[in-house]
Amino acid sequence: MSIEPITGRYITVEIAGAPRRIYFEEAGQGRPVLCLHTAGADTRQWRHLMNDAKVTADHRLIAFDMPWHGKSLPPEGFETEEYLLTTEDYIETVLAVVAGLGLERPILAGCSMGGRIALQLAALHPEHFGGFIAIEASDFQPAWYDIDWFHRPDAHGGEMGAALVSANISPYAPNAERWNTLWMFMQSGPGVFRGDLSFYTRDDSLIGRLAQIDTGKTPVHLLVGAYDLTCTPEDAKRTAAAIPGATVSVMDELGHFPMSEHPQGFRPFFLDALARMPRVAAQAA
Amino acid sequence: MIDRFREIATRLEDQPHLLRLGRLFSETVLIEIEGDEIYLTFDTGRIVSVVAGPSRKTPWRFALRTDADALEQFWQARPAPGFHDVFGLAKIGRGRIDGDILSLVKNLRFFKEVMALARCKEEAAA
Numbered sequence: 001m002s003i004e005p006i007t008g009r010y011i012t013v014e015i016a017g018a019p020r021r022i023y024f025e026e027a028g029q030g031r032p033v034l035c036l037h038t039a040g041a042d043t044r045q046w047r048h049l050m051n052d053a054k055v056t057a058d059h060r061l062i063a064f065d066m067p068w069h070g071k072s073l074p075p076e077g078f079e080t081e082e083y084l085l086t087t088e089d090y091i092e093t094v095l096a097v098v099a100g101l102g103l104e105r106p107i108l109a110g111c112s113m114g115g116r117i118a119l120q121l122a123a124l125h126p127e128h129f130g131g132f133i134a135i136e137a138s139d140f141q142p143a144w145y146d147i148d149w150f151h152r153p154d155a156h157g158g159e160m161g162a163a164l165v166s167a168n169i170s171p172y173a174p175n176a177e178r179w180n181t182l183w184m185f186m187q188s189g190p191g192v193f194r195g196d197l198s199f200y201t202r203d204d205s206l207i208g209r210l211a212q213i214d215t216g217k218t219p220v221h222l223l224v225g226a227y228d229l230t231c232t233p234e235d236a237k238r239t240a241a242a243i244p245g246a247t248v249s250v251m252d253e254l255g256h257f258p259m260s261e262h263p264q265g266f267r268p269f270f271l272d273a274l275a276r277m278p279r280v281a282a283q284a285a
Numbered sequence: 001m002i003d004r005f006r007e008i009a010t011r012l013e014d015q016p017h018l019l020r021l022g023r024l025f026s027e028t029v030l031i032e033i034e035g036d037e038i039y040l041t042f043d044t045g046r047i048v049s050v051v052a053g054p055s056r057k058t059p060w061r062f063a064l065r066t067d068a069d070a071l072e073q074f075w076q077a078r079p080a081p082g083f084h085d086v087f088g089l090a091k092i093g094r095g096r097i098d099g100d101i102l103s104l105v106k107n108l109r110f111f112k113e114v115m116a117l118a119r120c121k122e123e124a125a126a
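Read top to bottom, the protein sequences are chains A and B. The numbers in my numbering rise by one with no breaks, and the one at position 109 of the first sequence is 109. The numbers in my numbering rise by one with no breaks, and the one at position 4 of the second sequence is 4.
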């Protein structure tokens with residue numbers, strides 16, 4: 001028998017003028033690191049790092065489920081709402097969680113759409129963060145598929161979504177973690193993956209904001225897997241080149257969900273990224 | 001190359017989970033390799049015929065058009081980036097998928113894993 005150090009709780013914050021009950025998990029002590037999951041998934045993607053004693057020895061990792069995802073319910077009235085994530089709502093959600101949990105300038109580590117919003121926050125609200133780890137993140141990715149495939153009455157969006165994103169998982173990923181990663185997509189609520197992809201594939205507003213990121217105050221390090229077909233190494237390098245002072249590492253044997261699909265392979269890259277982030281004075285316990 | 005697809009058809013018979021996943025899939029798929037046509041006809045998840053073209057009279061639901069080297073790379077145990085997935089071939093410009101794409105997407109896991117049955121070794125993943 002073993003009991004993991006991860007603990008889960010709920011916080012209610014106000015987003016878009018209405019309360020949202022957000023599920024979050026945390027583990028460790030020290031410098032706070034707020035972790036953002038990918039589209040169509042949830043906090044479980046971070047569980048390996050949160051169970052990694054070397055990471056949590058001096059870092060407090062916090063991850064939360066976006067509304068509509070995992071254990072965070074959709075807002076009241078969702079049954080008649082078309083879920084379409086926007087940059088504005090996403091930013092408001094992250095900032096509300098930072099404030100609600102009293103996090104003092106956490107490092108923001110986001111993957112895929114989480115990496116995209118991390119770069120948006122680096123450009124627009126850097127004063128709330130100590131640094132940014134943008135994983136499988138780029139300036140803009142138009143869809144190379146039809147996002148409407150993933151929400152239709154005659155097929156299972158979760159199964160189709162999982163089959164699509166399997167294209168982004170490295171053949172080096174352990175088989176069990178490949179399927180654990182895909183399971184989250186299979187479980188995603190109807191229309192949620194589509195609504196996330198709407199943000200990811202249609203909003204190109206980050207492109208014009210990259211140059212205003214001040215890495216002298218808040219460092220930006222990008223991590224990208226060679227097997228990521230959605231955000232390729234070329235996409236990440238182009239994005240890093242547009243941010244003065246940003247750095248990028250290519251992970252040869254990893255794909256689009258590195259912390260989830262191949263935690264051991266990702267671990268050294270994440271530790272290196274953390275080492276690149278500054279130590280700020282006061283850290284919330 | 002057609003022998004590789006006959007091998008896939010044989011291996012599919014030993015994959016009960018794929019036969020279950022494909023139980024509603026009864027379509028013909030065109031595989032075109034540098035202009036050479038191969039028609040795979042599925043019946044409730046089984047490949048019941050592997051027929052070489054050319055044919056102007058065989059209807060097909062969707063097609064994967066690629067080249068022999070790309071397929072051989074796809075069938076490596078650990079393919080290089082882009083060659084590791086059917087959609088990857090399209091993304092890197094080494095393949096094209098056309099026809100009824102929605103039919104493919106509805107059966108995407110099934111089709112991908114069937115195509116990967118010719119992979120080199122036991123730990124190969126779809």
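Hints may be right or wrong, so weigh each one.
As the list claims (entries may be wrong) - Derived pair list, reagent style DSBU-like, types lysine-lysine, alpha-carbon separation capped at 35 angstroms:
1) Lys-237/A with Lys-57/B
2) Lys-54/A with Lys-237/A
3) Lys-112/B with Lys-91/B
4) Lys-57/B with Lys-54/A
5) Lys-112/B with Lys-57/B
6) Lys-71/A with Lys-91/B
Stated by the list, open to error - A short, non-exhaustive set of chain B residues, derived as facing chain A with CB atoms under 8 angstroms:
7) Leu-12
8) Pro-16
9) Lys-91
10) Arg-94
11) Leu-108
Just so you know, these hints were derived from the structure itself, not from any lab. It should be emphasised that the depicted structure is a prediction, and the values quoted were computed from it without experimental measurement. Think of the CB as a built atom: it goes at the ideal place given N, C-alpha and C, for glycine as much as any other residue.
Verification of the hints:
Pair hint Lys-237/A plus Lys-57/B does not hold up; C-alpha atoms about 48 angstroms apart against a cutoff of 35 angstroms. Straight-line distance between C-alpha atoms of Lys-54/A and Lys-237/A comes to about 29 angstroms, which keeps the hinted pair within the 35 angstroms bound. With a C-alpha separation of about 15 angstroms, the suggested pairing of Lys-112/B with Lys-91/B holds against the 35 angstroms cut-off. Annotation: proposed proximity of Lys-57/B to Lys-54/A is violated, straight-line Cα distance about 63 angstroms (limit 35 angstroms).
For a cut-off of 35 angstroms, the pair hint linking Lys-112/B to Lys-57/B stands: about 26 angstroms separates their Cα positions. Distance check on the hinted pair: Lys-71/A and Lys-91/B sit about 34 angstroms apart at the alpha-carbon level, within 35 angstroms; holds. Interface restraint check: Leu-12/B against chain A, minimum CB-CB distance 17 angstroms, threshold 8 angstroms, status violated. Checking Pro-16/B against chain A by beta carbon gives a least distance of about 17 angstroms; that is not within 8 angstroms, so the hint is violated.
Because the beta carbon of Lys-91/B sits about 5 angstroms from the nearest beta carbon in chain A, less than 8 angstroms, this interface hint is met. Given hint, Arg-94/B at the interface with chain A, is violated; its Cβ is 12 angstroms from that chain's nearest Cβ, farther than 8 angstroms. For Leu-108/B, the interface hint holds, since its Cβ comes within 8 angstroms of a Cβ in chain A; the closest pair sits about 4 angstroms apart.
Consistency note: the structure conflicts with the earlier hints numbered 1, 4, 7, 8 and 10.
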